[in-house]
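Peer 1: Letter by letter, the chains look like this.
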Amino acid sequence: MDTDETTTSGPEIGPRAIATPSAKEAVLVANTPSFLLDRLRKDIAVQYVLDSMTPPEIMRALHEALLRPITDVTELVPRYVYLVALSATDPYDQVIWNQIGSLDLSQLEWGEAIRRIIRAEAIPTTTMEVTLPSLPRP
Amino acid sequence: MRVQFALCAQTASVDRASNRLSIFNVIDHFPATVLPIVIPAITFVAVIESETDDNINVKGTLEITAGNNFLGKIEVPISFVNGRLARVVLNFQGMPVHQAGPVTFRLSIPNGPTAETTFQVTNLTQAEAIQAAPATHPIA
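Read top to bottom, the protein sequences are chains A and B. Under the working numbering, the final residue of the first sequence carries the number 601; numbering is consecutive throughout. Under the working numbering, the final residue of the second sequence carries the number 139; numbering is consecutive throughout.
Since the hints were made in silico from the structure, they are not lab data. Note that the structure is a prediction, hence the values are computed from the model and not measured. From the three backbone atoms N, C-alpha and C, an ideal C-beta is built for every residue, glycine too. Among these hints, one or two may not hold up.
To be verified - Which residues of chain B face chain A? A partial, calculated answer using Cβ under 10 Å:
id, residue
1, I63
2, F79
3, R105
What the hints assert, rightly or not - Across the chosen pairs, the derived CB separations fall in these ranges:
id, chain 1, residue 1, chain 2, residue 2, range
4, B, Q9, A, V536, 17 to 25 Å
5, A, E520, B, Q3, 18 to 26 Å
6, A, N494, B, S12, 26 to 34 Å
Unchecked claim - Pulled from the structure, derived: some chain A residues nowhere near chain B, Cβ distances all over 12 Å:
id, residue
7, E488
8, A493
9, M516
10, T552
11, D556
12, W560
13, P587
14, T590
Working from the sequences, and respecting the hints, build out all of it.
Peer 2: Pasting the structure below:
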């Protein structure tokens, strides 16, 4: 995990890289957990995490982040970004969902509420493409 | 277990980020200017609710009929994973319909409910002919 304070250019997967100005703004202005969830889902930071990391990697990054004490309010941003990114986890992936369920989110004021929402929204969907044989004329 | 809703639409999609279901152009009837016809795209959507939070896998059976014609039977796996809801989204690439009348989709779940929806295929040419026909009772 890149935590290099001097990184200024290029996409890096690390707390500094994903704490984008728009993600910071979302965390700072959000007045409800669902607002924050919706805002971050559309944010480039979450999209970037989803494009660059697998669910186990996101899980590990969030778990490690949650073990560290928060010294500055902006340190909340990557934690929320990782948590929201985990909402895209496949509903059938029970290993990750069990790990999400066991996270200690006490550092995040709306962590528990967001976890409840994303778990409720993880509805499994059976999707199939079907081709019917053409019928002979009656 | 109960059926929350079942319907047919032109398309449906599940958002990758939010896992929310969107249904576009719900089909309540299908006007056909010519018969037989192939309905180019049709999607059957059903949401099933379970009473428990258990992980349950069931095999449903979807039967499609158009009037008296049996169009097909498909086995549909339905999974409730750690939750109370499960969705079924089946995309049909072309559905042949030979005559005007009801088209019915019936998803049966063993020891459970049946998700059923019907829409009418109407023959516009016939309907226009009926409208244009002179009244059978003379007006006094």
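Peer 1: Hint B/I63 vs chain A: min CB-CB distance below 10 Å?
Peer 2: 7 Å, holds
Peer 1: Mind checking the CB of B/F79 against every CB in chain A and telling me if the closest is under 10 Å?
Peer 2: Status holds, d = 7 Å.
Peer 1: If we take the beta carbon of A/E488, is the closest beta carbon in chain B still more than 12 Å away?
Peer 2: 19 Å, holds
Peer 1: Beyond 12 Å from every chain B Cβ: check whether that's true for A/T552.
Peer 2: The assertion about A/T552 is violated, with a minimum of 9 Å to chain B.
Peer 1: Okay, A/E520 versus B/Q3 on CB: inside 18 to 26 Å?
Peer 2: Given about 35 Å between the Cβ atoms, the range is violated.
Peer 1: In terms of Cβ atoms, is chain B entirely out of 12 Å range of A/P587?
Peer 2: 5 Å, violated
Peer 1: For A/N494 and B/S12, compare the CB-CB distance with the range 26 to 34 Å and indicate the outcome.
Peer 2: At 30 Å between Cβs, range holds.
Peer 1: In terms of Cβ atoms, is chain B entirely out of 12 Å range of A/W560?
Peer 2: Not fine: 6 Å to the nearest Cβ puts A/W560 too close to chain B.
Peer 1: Tell me if the beta carbons of B/Q9 and A/V536 are separated by a distance inside 17 to 25 Å.
Peer 2: 47 Å, violated
Peer 1: Is it the case that A/A493 keeps its Cβ farther than 12 Å from each residue Cβ in chain B?
Peer 2: Correct as stated: the minimum Cβ-Cβ distance to chain B is 16 Å, above 12 Å.
Peer 1: Would the hint on B/R105 stand, with a C-beta cut-off of 10 Å toward chain A?
Peer 2: B/R105 check fails; min Cβ-Cβ to chain A is 15 Å, beyond 10 Å.
Peer 1: Beyond 12 Å from every Cβ of chain B: is that where the Cβ of A/D556 lies?
Peer 2: 9 Å, violated
Checked against the numbered hints above, the structure breaks hints 3, 4, 5, 10, 11, 12, 13 and 14 and satisfies the rest.
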